[in-house]
Amino acid sequence: MPTLFGSGIKRREDPRLITGRATYTDDVKLPGLIYLAILRSPYAHAKLGKVDTKAAKAAPGVLAVYAGADITDRVVPVPCAWNVPNCNLKTPPHPLLAHQKVRYVGDGVAMVIAESRAAARDALDLIEVDYEPLKAVTDPERACQQGAPQLHADVPNNLAFTWVVAGGNADEAFAKAEAKVSLRIVQQRLLPTAMEPRAAVASYNAGTGQLTLWATSQNPHIHRFLCSVMLKIPEHRVRVIAPEVGGGFGSKIPCYADEVLACLASMDLGRPVKWTEDRSENYKATIHGRDHVEYVEMCGTRDGKITGLRTRVYAGLGGYASTAAPGVPTILHGLMYSGAYTIPNIHGTVHGVYTTATPVDAYRGAGRPEATYLIERLVDTLAREIGMDPVEVRRKNFIPKDAFPYTVATGLTYDSGNYHGTLDKALGMLDYGAFRAEQEKARQQGRYLGVGVSSYAEICGLGPSQVAGAVGFGGGLYDSAVVRVYPTGMVRVYIGTKPHGQGEETTFAQIVADEFGYPVESVEIVHGDTESTPQGWGTYGSRTTAVGGTAVKLAAQRVKEKAKKVAAHLLEANEADLEWKDDAWVVRGSPDKRKSFAEAALMANVAWNLPAGVEPGLEATAFFDPTNFVYPFGTHLCTVEVNPETGQVTVLRYIAVDDCGPPINPMIVEGQVHGGVIQGIGEALQEMAVYDAEGQLLTGTMMDYAVPKASQMPKIETAHTVTPSPVNPLGVKGVGETGTIASVAAVVNAVCDALAPLGIKHIDKPLTPARVWAAIQQAKGNGGGR
Amino acid sequence: MIPQTFDYVRARNVGDALKALAAKDGTKVIAGGHSLIPLLKFRLAQPARLVDIGHLDELRGVTEVRRGAKIGAATTYRDLLESKLLAERYPIIAEVTSGIGDLQVRNKGTIGGGLAHADPAADMPAVMLALDAQLVLRSKRGKRTVAAREFFQGAFSTAMAEDELLIAIALPPLPRGAGTAYVSFEQAASGYALAGAAAVVKRSRSTVAHCTLAMTGISDRPYLVRAAEQLVGTQGLPDAIEHVAAQAAAGVEVNGDIHAPADYRRHLAVVAARRALQKAFVRSKK
Amino acid sequence: MKRTVSLSVNGATRTAEVEPRALLAHVLRDDLDLTGTHIGCDTSQCGACTVLIDGRAVKSCTMLAVQAEGCQITTIEGLATNGNLHPLQQAFWEKHGLQCGFCTPGMIMTAVDLLAQNSNPSEGEIRHAIEGNYCRCTGYQNIVAAIQAAAATLRGATPARAAS
Amino acid sequence: MQLTFSGSPDVAAPREALWSRLLDPNAVAACAPGVESVESLDPLHYKVVCAFGVGSIKARFTLTVELSDVLPPESAKMRAHGAAPGSVVDVETGVRLEVLGTGQTRLHWTAEATIGGTIASVGARLFEHTARKIMDKFWQDFASKTAASILPA
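Those protein sequences? They're chains C, D, S and U, same order as listed. If you use my numbering, the first sequence corresponds to residues 4 to 789, in order. If you use my numbering, the second sequence corresponds to residues 158 to 443, in order. If you use my numbering, the third sequence corresponds to residues 52 to 215, in order. If you use my numbering, the fourth sequence corresponds to residues 16 to 168, in order.
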């Protein structure tokens, strides 16, 4: 029987999704359901005066109205759960409803609970709030300068932290360097835009003291933990169910005030409460991504050896420190400054800065896209400075494939890699030489073609819990699985991670079915309900397969070991004499003496005849805590043509060669790459959250925030190499974020390459036609050009 | 996203709708609803009452009028795309319509609704100007026809009185053998025009005998470029076209926003104008 | 101010007591329990709420329920017949045309309308036709492949094999 | 979102006539489109309810208006704070009256409007033109009505 591992079988989650029978949070209906709506601040920064809820309370259908002052003493502020050490981190309290001050447009000010969605919405308009507007500042670099508006009383200059990473001696390297380049890079704010807005349904049973929360969550166990803390109720009385989740991309990791407010309302009113975000509310009240202003430098020799990297980064956090926010621009960003290269001397300083804007947190790639982007932009800039092909510079500095495990200057130890392998494969797919020739010919005709290379190494499979503790992450980073085998041999697997589109109901079933010699249909994967699933830490950081998948594998192995004992007993043979063939144990030398896994499972469950000392039942739990992170890598290539008249960028070809270890389901792996790459191309070419000087979000709807559309996006050509990770028994790494990590630099490098004849060195993303055109105009005005 | 409460009247016929509008009690017309409903949801429109004309057959469809055409105001964009008459006589209508909204919006959105909404970045108004469309308005007081060039008075502002209903768009015949073209640059998120140009060019042997150029997305309303006349009498050579296109936004207060600063939008106006003129010229019969 | 609307939904007559301001999407989801139709935006951009009204794809969040009085509505729940998946549903499954699945019902409904108009659309035509349906997960590539495969099935040909 | 507007229409009226109308909330309101009510709280404060918009776009604001730096008959400042569903607006207006000649006055006005909430994040594109148009029309109307009011009956 062929193994399922490595097979691109159809997804088992799809039938319910394609027929409209799936249940997302807003689909949950309970008897007596009432609705919550939240009034949000129209000011970016203001002192909060009187919140007059009288008229709203009197409106038809309204059951209750609360302002911040009404609940402050009853709940714990929204915690920041990543307290990065050694950086003087300041995380001032983040009240569930604003108290005394609002700090971004969208900050919750009051809430209404009513009999219908409409009544709750109508009542919001009846709440009168006295605001005393204060100056806004949304640029993280400006926000930490003297004289900037101050958000929090105890955070001078809005500086939440200053974090430093250093390895080797960067200052010395720069002092001695033959070649140096520097860039000022803005990594714009992005709106994650999971297609499903956030929602919550909270139901409190006063009789049992049990609280059940259905929520759009990537990590229900983290939500249970934080809800229990915020609401001051025992964790074992909180049940969080994340049903179908319509995409997250990091935005459904944090525990937000809103879901907890729904719980509070249900506890007070004794009825189930639903809250559902509008898209425009989502754009204001759900976390944003990126938001860096960076000063970055690279130095090297004239023959292309990179000797040093220095950064000074201003990372905007928004009005408060969201759940994982401090870890994103530090641990997940600064520690990756070596990229795919042997850069001996690194010094990075990251200033985390509060601004009067929506909080920023992990968004697909979380810190690593920003790191890859700045490194890959610098590598290209250095290559141009020394007149070397950017591909050659990369080759010259890659960590060699026989050097793994390799410890980079920032202190991380990469598990395995073959960076030349993905580069060569990508170059071959493009025919790099031919493209360069075509480019030259086009230039002579006044056309601007360019090719961009982006080679990356990323950190994922988060991660060892010991490291999590050491870097201040407020939870573990192991994961878990319970494999339960029923008398008929059918299997349910309860997992601690929370797939929401990544297809683990299929890939995990592939792992287990292989283990038992089953067709995949015999195995069901259960996730998302803290009541039935073991403690786990959720789905983010491309950790689900490497960590959660391994737990599944280990639990299945434990079950199988026990079943083998039962089989041996039934066969009256020694365990050592049993051989596993397809779906059964066979006594070596007696092929007709066999017991299938299902037969052993039946006996284990009915327990009529078990070996001495073996307990009835057949299930096992495994918690897997990896010894290291895993480090996927790859090379993406992009070719573009830039229209010099309009500034429009056309992607001609996009080639992605990734190595995430052995793919369990190649079809799903490819789908992850497609999605990530398009999200990255969106970041490179069109997505940007824009605030005005008063802190108003001008891209407040999809009319102004350019989510990539089918008609705007190219086709992606994918390929893979396979370099297993030694960190887990499956050898797998992760592929959920590689697309966004690699693609942004590939596209921007391609455009800068295309425009090199005009003397253009850098244009900040997104490379909208307006920006590219302006850069061309400026270059021409400055006497650049041919 | 829930609108404020309003009353709703489903008109049985045009007379019914006119009666509702004559009350001048804050009644607004809804047809496809694709301009109005998003505003209602954001509570940026708060009408007391809606009168629905979307289902009225008498307001739907394209009919032949001598050498021209008449389009009912409640005709959907989809219907425009499927009209053989329009495809034959005014290919520019399909050219512009295929880029309006998206498949679903075109299925429900109506030409009259779009024109009456008078979004300054909408595509269709420029084409209406270029074709010298006549907009037929009715009220209890009577019927009148307003030329497209008089109709658009500013952002979201038209020549229609509060009690008037746009019932049809009359398209006069195109000059024989004229070529037409619509070229636009879309705002990446909304699809509205950052700059759009509609051109009509007629040649008589080798010289240009007629030229109209209309722009949208540039300013607070769509407008005709007077300089288009300067192409008449020329051979339509690139220099002559460039000369006209260069004036596409001359003397116009050009919008600037987060998607296109004014200088870029002004530049796009010129590029769109040039491309539209070139295409229309090439498409015109010698 | 509620009034009764009578709608034909997936072949059955359904009535609901609604305010004139009630959006069709809300009525389908909240009053008629057809939660396969999703709501992903408020500006008529994302298309997650797409249903068929008299055979044409329409964004049900940009339509009042009262406007749909007397119309034939098909939602994703009504697409499969006698328990057999519609060829588009089958193709989305085969070609991995979905990940989180939230945009999928609307995407499929738009594709139904497209294929009714054009039985053999090119990649470019498909991408243009679904530009009012946003997907944040798939990057669209497999959606395009799925629609092409379904088109082939509906034409009676063998579905094209996925390009590797 | 901040919008600044200004204008300086010439008015066929003596400065004093213009000045007295300027301090009369009802006279001012009579020129403002969509004003539904004006309530004088004291000589320097009043409350206005108005529906602001063109075409389909309209939002109803409740405004509190405060006059300050009143230097008769030459100049005054006015601050208005208003709220509409989901939105807020703060407007600072300055008016200066310049005598041009007998019976002729130039009305210099500036307005700086800061808009927050839904209108800024959704309707910026929709509202800027609208606001400009309404502001211009308001002062034009004010000028012409004032001129008309002093014409001998």
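No lab work stands behind these hints: they were computed from the structure. Note that the structure is predicted; figures quoted are calculated from it, not measured. Note that the Cβ used here is the ideal one computed from N, Cα and C, for glycine as well. Check each hint, because a few of them may be wrong.
Straight-line alpha carbon distances no greater than 25 Å define the calculated DSS-like cross-link-like pairs of lysine-lysine that follow [as the list claims (entries may be wrong)]:
1) U/62 - C/57
2) D/181 - D/300
3) D/181 - U/152
Derived CB-CB ranges, DEER-like [said to hold, decoys possible]:
4) S/207 - D/298: 56 to 64 Å
5) C/138 - D/410: 41 to 49 Å
6) D/302 - S/176: 36 to 44 Å
Structure-based check of each hint:
1. A hinted pair counts as satisfied when its Cα atoms are at most 25 Å apart, and residue 62 of chain U with residue 57 of chain C qualifies at roughly 20 Å.
2. The hinted pair formed by residue 181 of chain D and residue 300 of chain D meets the criterion: a straight-line CA distance of about 17 Å does not exceed 25 Å.
3. A C-alpha spacing of about 22 Å is found between residue 181 of chain D and residue 152 of chain U, which places the hinted pair at or below 25 Å, so the restraint holds.
4. The supplied range of 56 to 64 Å is met by residue 207 of chain S and residue 298 of chain D, whose beta-carbon atoms lie about 58 Å from each other.
5. Taking 41 to 49 Å as the suggested C-beta distance range, the pair residue 138 of chain C and residue 410 of chain D does not conform, at roughly 30 Å.
6. Distance hint for residue 302 of chain D and residue 176 of chain S: a CB-CB separation of about 38 Å, consistent with the stated range 36 to 44 Å.
When each numbered hint is compared with the structure, a violation occurs for hint 5 only.
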